[in-house]
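Novice: Sequences are here, hints too, so could you generate the full structure?
Spelled out, the chains give:
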Amino acid sequence: MKLLGLAIVAVTGAFLIWATGEFPDWGDPHSPASLHVSPRYIEKTLEETSVPNAVTSVLADYRGYDTMFETTVIFAAGVSCFILLRLFGKEEPDTVHYRHLLTGLTIRVRRKREGLEQLGEFERMDSVWTPHDLILRTLSRFLIPFIQLFALYVIAHGHHSPGGGFQGGVILGASLILMAISQDMKSALDRLGERTLAMLSAIGVSVYAGTGALCLVLGSNFLDYAALAEIFRVDPVEARSLGIFLVEVGVGIAVMATMILIYHNLASQGRLDEGL
Amino acid sequence: MIWQLDLLVLSLVVICGVGALMIKDLLGSAILFGAYSFMMCVLWAVMGAVDVAFTEAAVGAGVSTVFFVAAVFRTTRRTKD
Amino acid sequence: MEDALQLIISKYNYWIYITLMMIGLWGVIAKNNLVKKIVGMSIFQTAIILFFVSMGMKKGATIPILLHGHAAHSSPHAAEYINPLPHVLMLTAIVVAVSTLGVALALAVKVYRRYGTLEEDEILEQIRKS
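Residue numbers (my numbering), protein chains in the order written: chain P, 1 to 276; chain F, 1 to 81; chain Y, 1 to 130.
In case anyone wonders, no lab produced these hints; they're calculated from the structure.
One should not assume that every hint holds.
Here are the computed distance ranges between Cβ atoms for each label pair [claimed, not checked]:
#1 F222/P <-> M1/Y: 58 to 66 angstroms
#2 E2/Y <-> I15/F: 27 to 35 angstroms
#3 E2/Y <-> F23/P: 33 to 41 angstroms
#4 R137/P <-> S11/F: 35 to 43 angstroms
#5 R113/Y <-> S11/F: 33 to 41 angstroms
#6 R271/P <-> I127/Y: 23 to 31 angstroms
#7 L136/P <-> K129/Y: 41 to 49 angstroms
#8 I15/F <-> V79/P: 35 to 43 angstroms
#9 A19/P <-> Q126/Y: 36 to 44 angstroms
#10 S11/F <-> H160/P: 29 to 37 angstroms
#11 I203/P <-> H77/Y: 22 to 30 angstroms
#12 I127/Y <-> A156/P: 46 to 54 angstroms
#13 D81/F <-> L143/P: 36 to 44 angstroms
#14 G210/P <-> V9/F: 38 to 46 angstroms
Backbone N, C-alpha and C define an ideal beta-carbon position, used for all residues, glycine too.
Specialist: Dropping the structure here:
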């Protein structure tokens, strides 16, 4: 199989390399990729949408339809991970591990007793034996709010700097994944439970589609943000900039919720009780 | 960028890619994949694609590597291939 | 000889990108382990994104974020900024790649749960026996 694979790959590679003889030179400003529609996007983006970042304005305004379906793809991936892996079931495991907080001792109890946690000195541990790492826990607790603040900055400043909805949403999701890794998964699920995450990912997609439908209701085309000028009382150029910001927020929410949902389902094999 | 540095980063990308496929430990494969993502991000930042580099740094070297490590943790770690 | 050297110097970028793509493709076809196949698929995807992004490059041009200031009063020349269109398409491609990765890893975990192994030949043997 490996030799056959090597032969197929060599033949395909040779064919592609032979085809590169016809490519334009690297960095040529007159290559056909840069000639037809993209000069119009670069020249008109400031006067039509007042957003200096050409990539954001093309992504969310000129090609907004593609971005809407991409958000739907992310949502569908989150839903399919949930369908594939999630196991509902209330079985408690036989032996439960507890850790004594003051001395670091760990005990293993058969059939969970209620009184131990209420004593206040014991905490529930995962059955995978991870040592109690003070530096990691404390530093993560300090870092997570700053990571989230930076993620919100990235979403909001996508008009003037590299950034936008996806990047900020992924960083927001990564902050909660950091919490699930450094503490245990139960505390991350206490902050943002599974139902909230599923609803948030659906709300993100519907914010995006809802902005488009709102433009339709106000009398213009679908996803034509100039129609929002009547609600916000600004001129149409500013309304397009505001519309771009609204859809970026929707994308950010959907991406955050989906990343966290996929991680929870993968790391706990669907049971959502213990993680890494 | 200076073409020597460009060639160095490109060869590092190829080495990381081949290494991620050849190594027998799946956790090492996930980490090498993270390094491969980082080198790609550097290449795109040099070519001027700052948005794409930002997304790849957040997604490829962050979330993607974590997914791999989580999946390897829940299945086996050694492979004979 | 001069001709061949000229050809190599002007096109070596494309050849390295094609090599990366073929490494990823070989990983998907020839490897036995499921997680290695998924790694090969990811390498293939990022190599294609690299190839696409390199198509939008223009020599001597700057990043596609328009400058403020006195340059904003005159209309910006398209030759000074690199092409933003491949970047937009590749942003979508990266996000779709990570979604596919999530679903593929979920499938791999599910296969492990059912068959107890991740090697393809052992799985096929178990299917044949049952």
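Novice: Look at each hint and say if it fits the structure.
Specialist: Status of each hint after checking the structure:
1. F222/P <-> M1/Y: 58 to 66 angstroms: holds, 59 angstroms
2. E2/Y <-> I15/F: 27 to 35 angstroms: holds, 31 angstroms
3. E2/Y <-> F23/P: 33 to 41 angstroms: violated, 20 angstroms
4. R137/P <-> S11/F: 35 to 43 angstroms: Holds, since R137/P and S11/F (Cβ atoms, about 40 angstroms apart) stay within the stated range.
5. R113/Y <-> S11/F: 33 to 41 angstroms: Holds - the Cβ-Cβ distance for R113/Y and S11/F, about 40 angstroms, lies within 33 to 41 angstroms.
6. R271/P <-> I127/Y: 23 to 31 angstroms: Distance hint for R271/P, I127/Y holds at roughly 26 angstroms.
7. L136/P <-> K129/Y: 41 to 49 angstroms: At 46 angstroms between Cβs, range holds.
8. I15/F <-> V79/P: 35 to 43 angstroms: holds, 38 angstroms
9. A19/P <-> Q126/Y: 36 to 44 angstroms: This hint holds: roughly 42 angstroms between Cβ atoms.
10. S11/F <-> H160/P: 29 to 37 angstroms: holds, 36 angstroms
11. I203/P <-> H77/Y: 22 to 30 angstroms: violated, 42 angstroms
12. I127/Y <-> A156/P: 46 to 54 angstroms: holds, 52 angstroms
13. D81/F <-> L143/P: 36 to 44 angstroms: 38 angstroms Cβ-Cβ, so the 36 to 44 angstroms window holds.
14. G210/P <-> V9/F: 38 to 46 angstroms: holds, 43 angstroms
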